[in-house]
Amino acid sequence: MSRPPSGESRPGRGRRAIGWLLAAVAIFYGRLRRRRRERDGEDAEHRVHVSSPPPPGHVAPHPEPDSSAELLVAALLLLAALFAAGFVVVYAVFSPGSMPNQLLGACIAGSLLFLAAALVVVARRLVASEEIAEDYPREDPEAQEEIAQLVRDSAGGITRRKLLIGAASTAGGALGLAGLAPVLSLGPLWDTRPLDATPWRRGRRLVGVDGKPLRASAIEEETFYSAFAEGWDQEDISSLLVVVRLQPSALKLPRGRESWAPYGILAYSRICTHAGCAINLYRKPRFPVTEPRPALVCPCHYSTFDPADGARVIFGPAGRPLPQLPLMIDVNGYLAAAGDLSGRVGPAWWGVREQPA
Amino acid sequence: MSDRVLDPVRFVDERTASAGLIKKALRYLFPDHWSFLLGEIALYAFITLILTGTYLALFFDPSVAKTTYHGAYAPLQGQQMSEAYKSVVEISLSYKAGLLIRQTHHWAADVFLASIVLHLMRVFFTGAYRKPRELTWLLGLLLLFTSLLEGYLGYSLVDDLLSGIGLAIGYGVLLSVPLLGGPLALLVFGAPFPGKGLFESRMYIAHVFLLPALLTVLIAAHLALVAARHHTQFRRDRRHTDRRLIGMPMFPAQVPRSLALMLVVMAVLFLLGGLVQINPIWQWGPYEPWLATNGAQPDWYLGWLIGALRLMPGFDVVIGSYTVVPNPFWGGVAFPLVVLGVLAAFPWVERVFTRDRAVHNVLDRPREAPTRTAFGVAFMSWIFLVFVFGATDRLYVLFGVSYETLLNVFRIAIWVVPIALFVIVRRLCRGLQEAEAIERRREDAEREAALGESELLRRGEAVM
Amino acid sequence: MTAPSRQTACSWLARAAAVLTLVGLAGGVTTALAASQNGIVRPSSEPSTPSLELGRQLFSANCASCHGIAGEGISRPRIGAGVVPGAGPPLQGVGALAADFYLRTGFMPLAGIHDEPANHPVQFTPTEIASMTAFVASLGKGPGILHPEVRRGNVSRGFQLFTEDCAGCHQSLGRGGYVTGARVPPLQGIDASEIAEAVRIGPYLMPRFPASQISESQLASIVRYVLTTNKPDNRGGWSIGNLGPIPEGMVAWLAALLLGVSCLAVSRRLRS
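Protein chains in written order, with my numbering: chain A, 1 to 357; chain B, 1 to 464; chain C, 1 to 272.
Please keep in mind that the hints were generated in silico from the structure rather than gathered at the bench.
Beta carbons are placed, not taken as given, at the ideal position from N, Cα and C, and that holds for glycine.
Hints should not be assumed to be uniformly reliable.
Per the computed footprint, the stretches of chain A lying under chain C, defined by three or more beta-carbons under 8 Å from a beta-carbon of chain C, are [stated by the list, open to error]:
1. 216-225
2. 228-241
3. 255-263
4. 297-303
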């Protein structure tokens with residue numbers, strides 16, 4: 001223990017300070033614990049005497065006064081007010097373009113949180129939290145019987161009960177139907193022809209997103225094109241197509257479609273026959289020797305169609321192939337339909353299969 | 001003499017004759033357990049939804065008429081879009097606090113449904129749906145499914161790319177209903193998808209009026225039934241019986257607690273709305289029927305349906321050349337109806353097996369009803385696995401486990417895992433019960449022994 | 001880079017095979033070659049500046065087993081250099097564009113011919129890549145390395161084009177995705193040239209978009225948009241990966257569970 005005298009006093013002072021600090025913490029902790037014990041004791045007492053009457057002149061037990069809790073609640077409420085004011089300030093100071101969403105959210109959330117904290121302190125330390133016992137409500141057989149008797153008595157003078165009940169339900173049902181009937185104006189009820197309608201007739205040209213007709217010579221292999229019916233609403237799903245080009249020798253189209261793909265150009269409905277998403281994926285191999293063959297894929301549930309084979313389903317939940325549009329090349333070299341689609345567009349419904357009506 | 005407390009009470013009672021009712025309401029008892037508050041979380045999220053939704057409705061334009069964007073956000077500059085989408089972009093980027101309130105609204109919807117599911121699980125696993133509360137249970141299920149629809153319509157209104165894809169699928173599912181699909185889809189959408197501008201206003205009125213009104217009525221009825229029959233309780237000691245309820249009164253004990261919970265719920269929702277970005281529609285861009293994005297997902301509460309749609313093997317039920325049941329019917333209609341049906345019928349089905357027609361106000365702990373608990377775990381794991389499968393494309397991107405492999409694994413797992421869990425959980429519950437019984441016997445024996453000892457001592461004293 | 005000092009038996013085999021290939025097929029190459037542990041074979045004394053000769057040596061040692069010694073391609077898998085079967089598309093006429101893309105992204109070389117090319121760690125030094133690119137360019141007339149004029153691109157137009165042609169696989173914000181049979185890579189952290197080259201090449205299962213479909217200026221717009229996805233406008237707060245509803249649902253459940261726990265602060269009893 002050979003320390004220089006000057007250094008000896010300093011650690012000594014430091015040690016003393018630490019000692020004081022520890023003592024303070026210990027005292028504070030002891031007070032906290034004592035208070036908690038007292039409070040717990042109180043609670044326990046309340047719980048024990050759940051059915052005992054409150055003190056004379058009162059209907060509920062009085063909680064012990066707790067001035068420090070009151071101060072804490074006041075402080076928390078003021079903090080809540082401060083944060084709410086902060087929200088207003090942030091809202092006022094920043095312009096819409098530079099509004100810091102995080103700060104705004106933190107201010108309002110902070111205010112709500114401090115308010116909540118104040119209420120938790122109120123609940124735990126300022127109001128009585130006694131438990132009370134009470135009977136559950138029970139069924140009342142006497143009242144049940146009385147009601148039944150009342151109904152029986154009231155209807156006692158009626159002899160043709162069945163007739164009246166039948167007539168009343170007829171009237172009610174008819175009126176209900178009459179009330180519901182106007183709802184049917186929301187859509188064509190049994191007329192499902194709108195679902196079958198397509199713009200595709202022999203000679204209607206295919207256009208791109210920009211509305212310009214697609215030239216057959218501009219359609220290249222290994223990519224895919226979005227196409228629409230010329231002069232038609234671009235949002236009408238029966239108009240939407242995906243166009244790809246394959247080597248004519250690679251095609252294995254179903255019988256009767258041999259002439260549908262001039263120069264190997266194929267057009268299919270863009271709407272998946274499973275649940276109606278847009279076929280926006282075209283997978284095509286860079287090196288077909290080792291890589292999977294070309295496919296049109298729906299990104300929602302990954303139904304996968306083989307464009308070489310009339311869009312037969314090769315993977316995924318779809319139940320039928322994509323409808324194919326027979327193509328021709330018109331005198332000006334533009335792509336045009338040679339007829340209607342091979343099947344109904346989009347998700348299937350009752351009675352639909354391959355062939356259009 | 002004036003009394004600052006009594007005077008207003010007297011004023012109200014003299015005019016409404018309600019003092020008796022108020023007195024009863026103030027002393028309404030709440031049994032004390034944290035899990036009884038899960039339903040309250042849902043209620044407070046609903047209140048937040050109403051408040052933030054009303055604000056949003058002031059700025060939202062439910063029209064799919066085309067317009068061009070000339071706002072401050074460069075990536076959308078000059079793009080064609082619907083008025084609906086544009087108005088939501090402006091709410092998000094051009095109105096002060098608009099983004100905060102929109103995000104809070106969306107988070108509130110997600111948390112609302114999550115807390116309903118938590119509440120449902122609490123009610124199921126404690127047997128709280130038993131007589132006399134079967135109607136409360138049915139109303140709760142109705143609330144859950146109405147909320148699913150309400151949430152779906154909410155994010156579909158926006159007409160961004162994701163919401164449009166979601167609607168396309170909804171249309172496909174509607175079409176797939178056997179016999180009625182075609183007329184039904186046309187009735188709802190007014191015209192083939194996307195509905196020629198008719199559908200947006202229908203969705204709007206349903207989302208901001210019809211369904212919220214229905215939800216409010218259902219919530220009121222749900223709460224009225226709870227209050228009429230009072231809360232259930234756990235058997236903490238011998239005083240808690242099916243006839244006698246022990247709890248804290250509404251006033252003064254419960255009011256600050258419930259208010260505090262409401263404020264905490266709102267604080268968390270606003271904190272999320274401020275700090276965590278949700279559905280950044282300006283990044284998805286406007287919807288057109290020929291567009292799609294990879295990894296398009298519905299909000300979480302419809303994830304089980306996309307999972308079911310993806311898991312289904314690819315076939316339509318066909319007779320001759322006519323489709324009878326299109327594929328999306330199984331995952332999109334049959335699956336949720338089976339789930340709803342099983343949950344709705346459960347109280348009555350259970351009664352067939354247990355022959356228990358008694359009134360139950362005291363809850364079971366999950367281990368006390370091994371078969372119910374095991375069935376619940378199995379049933380929920382079934383739904384959960386289907387739900388998880390809905391996200392496997394993203395799992396593939398993140399972890400490299402191929403989608404095709406996962407598809408095959410899940411097609412088996414959704415049947416094997418629930419059965420295995422049923423057996424395991426039932427055995428576990430019985431084991432826990434046995435262990436408890438042994439513990440109880442030991443305690444009884446010890447108490448008896450202690451009693452005997454003191455008896456001996458007393459005798460000894462008497463002898464001395 | 002110099003040859004690594006530690007060599008395993010496996011890499012020795014690879015080296016022997018590579019040397020055999022060189023002697024047997026190319027002939028006249030006297031430079032000693034060494035294989036590193038990742039299977040890359042390089043000359044033991046490498047020049048510090050790019051050269052056609054270095055490119056030829058590296059190509060012969062590392063690419064020829066699949067693409068042929070003169071880049072003529074191998075269409076039927078056959079045992080070439082090393083012990084793995086080799087097969088690959090011809091490289092005559094693909095130009096510097098393709099070589100630059102595949103080597104700088106780490107798509108090439110592949111470990112096996114059926115593997116999906118992906119952003120693996122880049123195996124070659126910039127000097128080596130420049131040399132091999134020059135060599136592949138010399139195999140036939142082909143397009144050069146692309147340098148899109150990103151500044152002249154229009155981000156809004158790029159966003160639209162990306163949604164129409166790319167988002168189906170790559171997701172609206174280029175976070176990657178799934179297409180039947182393959183994993184689609186995310187597009188963050190790659191440079192303008194690589195993005196543009198991918199559009200023109202169509203690596204692996206990706207379509208190849210020709211200039212007749214996507215013009216140079218449209219390409220610049222797409223590249224510009226893709227570069228913005230590195231740092232999208234996430235003014236709503238933490239973006240949780242810009243992946244949409246999946247992470248959002250996780251956060252929502254976390255919040256619901258947190259609220260469930262906060263019930264403990266309000267109710268007094270934890271036990272039933």
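Now the hints, each set against the structure:
1. Here's how the stretch 216-225 of chain A fares: 6 of its residues keep a CB closer than 8 Å to some CB of chain C, so the rule of at least three is met and the hint holds.
2. For a cut-off of 8 Å, the count of residues in the stretch 228-241 of chain A with a CB near a CB of chain C stands at 0, and the three-residue condition is violated.
3. Taking a C-beta to C-beta cut-off of 8 Å, the stretch 255-263 of chain A contributes 0 residues in contact with chain C, too few for the three needed, and the coverage statement is violated.
4. Three residues within the 8 Å Cβ limit are the bar, and the stretch 297-303 of chain A against chain C gives 3, so the coverage statement holds.
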